[in-house]
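Participant: All chains should be built: construct the whole structure from the sequences, respecting the hints.
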Amino acid sequence: MAYSFPEEVLEYVFSFINSDKDRNAVSLVCKSWYEIERWCRRRIFIGNCYAVTPGIMVRRFPEIRSVEIKGKPHFADFNLVPEGWGGYVYPWVVAMSRAYPWLEEIRLKRMVVSDECLELISKSFKNFKVLVMSSCEGFSTDGLASIVANCRNLKELDLRESEVEDLSGHWLSHFPDTCTSLVSLNIACLASEVSFSALERLVSRCPNLKSLQLNRAVPLEKLPNLLRGAPQLVELGTGAYSAELRPELLSNLFDAFTVCKELKGLSGFWDVVPAYLPAIYPVCNGLTSLNLSYATIQSPDISKLISQCQNLERLWVLDYIEDSGLDILATCCKNLEELRVFPSDPYGVEQNVALTEQGLVSVSEGCPKLQSVLYFCRRMSNAALVTIARNRPNLIRFRLCIIEARATDYLTLEPLDAGFGAIVENCRELRRLSLSGLLTDRVFEYIGKHAKKLEMLSIAFAGDGDLGLHHVLSGCESLRKLEIRDSPFGDKALLANAAKLETMRSLWMSSCSVSYGACKLLGQRLPRLNVEVIDERGTPESRPESCPIEKLYIYRTVAGPRFDTPGFIWTMDEEGNTPLGIA
Amino acid sequence: MESVITHEGLNLKETELRLGLPGSDKPEKETIYSLRNNKRAVPDSVEDRESVSDAKHETAPPPKAQVVGWPPIRSYRKNCFQPKKADSETGNYVKVSMDGAPYLRKVDLKVYKCYAELLEALENMFKLTIGSEFAPTYEDKDGDWMLVGDVPWDMFMSSCKRLRIMKGSEAKGLGHGV
Numbered sequence: 001m002a003y004s005f006p007e008e009v010l011e012y013v014f015s016f017i018n019s020d021k022d023r024n025a026v027s028l029v030c031k032s033w034y035e036i037e038r039w040c041r042r043r044i045f046i047g048n049c050y051a052v053t054p055g056i057m058v059r060r061f062p063e064i065r066s067v068e069i070k071g072k073p074h075f076a077d078f079n080l081v082p083e084g085w086g087g088y089v090y091p092w093v094v095a096m097s098r099a100y101p102w103l104e105e106i107r108l109k110r111m112v113v114s115d116e117c118l119e120l121i122s123k124s125f126k127n128f129k130v131l132v133m134s135s136c137e138g139f140s141t142d143g144l145a146s147i148v149a150n151c152r153n154l155k156e157l158d159l160r161e162s163e164v165e166d167l168s169g170h171w172l173s174h175f176p177d178t179c180t181s182l183v184s185l186n187i188a189c190l191a192s193e194v195s196f197s198a199l200e201r202l203v204s205r206c207p208n209l210k211s212l213q214l215n216r217a218v219p220l221e222k223l224p225n226l227l228r229g230a231p232q233l234v235e236l237g238t239g240a241y242s243a244e245l246r247p248e249l250l251s252n253l254f255d256a257f258t259v260c261k262e263l264k265g266l267s268g269f270w271d272v273v274p275a276y277l278p279a280i281y282p283v284c285n286g287l288t289s290l291n292l293s294y295a296t297i298q299s300p301d302i303s304k305l306i307s308q309c310q311n312l313e314r315l316w317v318l319d320y321i322e323d324s325g326l327d328i329l330a331t332c333c334k335n336l337e338e339l340r341v342f343p344s345d346p347y348g349v350e351q352n353v354a355l356t357e358q359g360l361v362s363v364s365e366g367c368p369k370l371q372s373v374l375y376f377c378r379r380m381s382n383a384a385l386v387t388i389a390r391n392r393p394n395l396i397r398f399r400l401c402i403i404e405a406r407a408t409d410y411l412t413l414e415p416l417d418a419g420f421g422a423i424v425e426n427c428r429e430l431r432r433l434s435l436s437g438l439l440t441d442r443v444f445e446y447i448g449k450h451a452k453k454l455e456m457l458s459i460a461f462a463g464d465g466d467l468g469l470h471h472v473l474s475g476c477e478s479l480r481k482l483e484i485r486d487s488p489f490g491d492k493a494l495l496a497n498a499a500k501l502e503t504m505r506s507l508w509m510s511s512c513s514v515s516y517g518a519c520k521l522l523g524q525r526l527p528r529l530n531v532e533v534i535d536e537r538g539t540p541e542s543r544p545e546s547c548p549i550e551k552l553y554i555y556r557t558v559a560g561p562r563f564d565t566p567g568f569i570w571t572m573d574e575e576g577n578t579p580l581g582i583a
Numbered sequence: 001m002e003s004v005i006t007h008e009g010l011n012l013k014e015t016e017l018r019l020g021l022p023g024s025d026k027p028e029k030e031t032i033y034s035l036r037n038n039k040r041a042v043p044d045s046v047e048d049r050e051s052v053s054d055a056k057h058e059t060a061p062p063p064k065a066q067v068v069g070w071p072p073i074r075s076y077r078k079n080c081f082q083p084k085k086a087d088s089e090t091g092n093y094v095k096v097s098m099d100g101a102p103y104l105r106k107v108d109l110k111v112y113k114c115y116a117e118l119l120e121a122l123e124n125m126f127k128l129t130i131g132s133e134f135a136p137t138y139e140d141k142d143g144d145w146m147l148v149g150d151v152p153w154d155m156f157m158s159s160c161k162r163l164r165i166m167k168g169s170e171a172k173g174l175g176h177g178v
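Sequence order for the protein chains is A and B.
Heads up, the first sequence is in full-length UniProt numbering, so the first residue is 1 and it goes up one at a time.
Heads up, the second sequence is in full-length UniProt numbering, so the first residue is 1 and it goes up one at a time.
By construction, these hints were calculated from the structure, which means they are not laboratory data.
Quick caveat, the model's predicted, so the values are computed rather than measured.
For each residue, glycine too, the CB sits at the ideal point set by N, CA and C.
Hints may contain errors.
As the list claims (entries may be wrong) - Footprint (simulated), chain B over chain A, 3 or more residues, beta carbon under 8 Å:
id, segment
1, 76-83
2, 396-405
Claimed, not checked - Incomplete in silico selection of chain B near chain A, CB under 10 Å:
id, residue
3, Q66
4, Y76
5, K141
6, D154
Facilitator: This is the structure in structure tokens:
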């Protein structure tokens with residue numbers, strides 16, 4: 001076959017293909033398609049910053065405009081990954097500053113970003129538009145000042161739950177008066193006060209501003225003016241939602257919300273004074289997303305609010321909502337797709353609110369579109385889980401956290417194997433699952449047998465032994481990310497399923513029973529994996545090989561071993577030698 | 001922990017990679033958890049040994065001490081809980097400066113029930129008399145400097161960020177609002 005489309009035609013066709021999966025498939029068809037595709041790929045997603053090097057990326061894809069990179073493993077969110085682990089974005093920015101002068105977007109998750117880095121970004125990319133830093137750390141408000149001062153076309157600055165060294169709120173005043181390009185600004189994670197007048201002027205001169213998430217330091221009194229300056233807002237995160245009771249403030253706020261006809265999402269609500277909640281009634285009917293997870297208001301107030309939000313698709317809330325509030329949610333919000341219920345008193349021993357498994361059962365009954373659940377509670381039963389599973393076979397994400405580790409079915413005192421088994425058996429499209437409660441190897445048998453679409457599994461304090469892990473690794477065909485803590489899984493299952501690990505993005509195991517010897521073996525057998533032993537007790541060479549290590553992180557990579565490991569991480573060598581790392 | 005894993009005929013023991021000589025069976029579970037010590041990066045949580053002991057089909061006793069990272073909640077969420085409790089436990093300390101004094105002091109506004117008590121305390125602290133020569137002022141939430149005493153005590157308590165005792169010619173004629 002000698003004919004083919006001219007390159008330009010193929011390139012044009014490829015420009016309609018945007019999903020990474022499809023682009024990757026296109027690049028595998030033949031050499032010429034690979035070449036054409038790599039020159040016209042504009043957007044790249046790197047799920048593990050250590051799976052590939054910046055050099056490899058810029059060599060293969062010379063014309064990237066948008067980069068998304070993820071760093072630390074998910075369990076870093078819960079302080080299980082020691083400080084200094086890694087995930088530095090600096091080498092990426094350096095490489096991109098040389099290769100991609102036209103870079104427009106950088107999205108980072110769980111990475112370490114320095115002020116130097118932010119300054120380099122602000123000076124290297126003339127058309128820089130979007131900076132999203134989700135759960136990142138390592139930078140201060142000085143770095144933010146560089147970005148806002150130098151990026152003339154900035155559209156999005158989103159600091160999403162990052163840990164920022166908050167030196168002052170002065171950085172916001174570095175936005176030039178000529179800046180009118182902002183579409184999205186999220187500073188909710190910052191503590192310091194920004195200049196309110198600078199903020200007001202910025203907001204009112206950006207006609208395309210769609211999303212504004214204020215921080216707690218912005219008082220309620222300032223909100224009406226801000227809203228009047230941006231009536232086109234689609235998403236709003238309030239600051240502190242409290243003030244002394246003043247009727248004129250309430251009516252001022254109410255009037256301001258009335259003008260926001262496009263508002264679909266609300267969040268913020270720190271320190272809520274319930275008397276001010278009626279101010280948002282004008283927008284309730286249009287809301288699709290409501291985040292009350294910082295609002296310490298009680299069930300009656302929550303219920304009153306929710307009953308007006310008939311079009312709600314996503315609700316994040318504290319367990320103050322209680323079963324009664326969830327009943328109301330189930331009755332009123334038939335479009336609900338995602339529910340997250342967070343604990344108000346996670347470390348308390350006693351139950352402080354009337355929220356049980358029943359609330360979740362009600363929602364599963366009443367909300368036919370429910371597909372994503374995150375639920376913290378203090379008791380659960382197999383019967384409830386079976387009911388939920390039967391009600392909602394369309395679940396995609398199911399994360400249940402029963403606060404007491406290894407809690408049994410509170411009715412029968414049995415393990416919760418049957419309940420979670422019902423979830424995986426009925427919910428055929430399940431992509432993400434987090435387990436809790438007392439679980440034996442049995443639940444993993446069910447998971448291995450049924451959870452064929454499962455991509456991410458989180459296990460804590462579960463299982464009896466290696467058989468459990470073996471079921472998961474041998475049965476879950478779509479598994480990409482597996483994270484396990486405090487479970488008696490050891491060498492056998494890992495070694496028997498070593499090849500599986502090359503089909504996954506990563507495996508995290510902490511406080512399990514994996515021996516140092518097994519890690520060395522894995523490192524030897526699988527050169528395309530990085531097998532990293534994390535142990536803060538000092539080099540594992542100083543202990544017997546059968547001794548279990550503290551933490552293990554295994555991931556596939558084409559980059560070879562890391563060069564930036566801290567002193568408590570050892571990468572297992574291909575030759576089975578004394579591992580790389582600082583002793 | 002079983003020493004032979006059979007699963008649908010797959011005798012994993014036969015094919016397992018072990019570190020000992022074939023035929024020798026090492027004790028499966030050594031005192032794994034006793035080898036762990038408490039060198040953790042997080043100094044303020046105590047690893048609960050009880051919760052990780054062998055608990056096959058018995059219900060383990062609930063962990064009494066706080067386990068690292070459990071329940072799995074992000075740290076920024078932890079600061080939002082039980083705000084009323086926190087309020088009653090911690091004081092409402094504000095800095096007090098006096099013109100000409102070499103260093104500042106701090107007072108807990110919660111300790112006082114009314115302006116009179118606060119002014120008396122300030123008088124004792126700085127050895128002065130509020131009156132024609134000294135005037136108490138405070139910085140409010142908006143950053144403005146106000147004379148102490150104009151607003152109700154509760155409103156003052158919630159809006160006062162710091163205090164300054166003005167002295168001399170600036171103070172003359174101001175008196176105080178109380």
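Participant: Hint by hint, note whether the structure agrees.
Facilitator: How the hints compare with the structure:
no. : hint    : result
1   : 76-83   : holds (count 6)
2   : 396-405 : holds (count 4)
3   : Q66     : 6 Å, holds
4   : Y76     : 6 Å, holds
5   : K141    : 7 Å, holds
6   : D154    : 8 Å, holds
The structure is consistent with each of the numbered hints, conforming to all of them.
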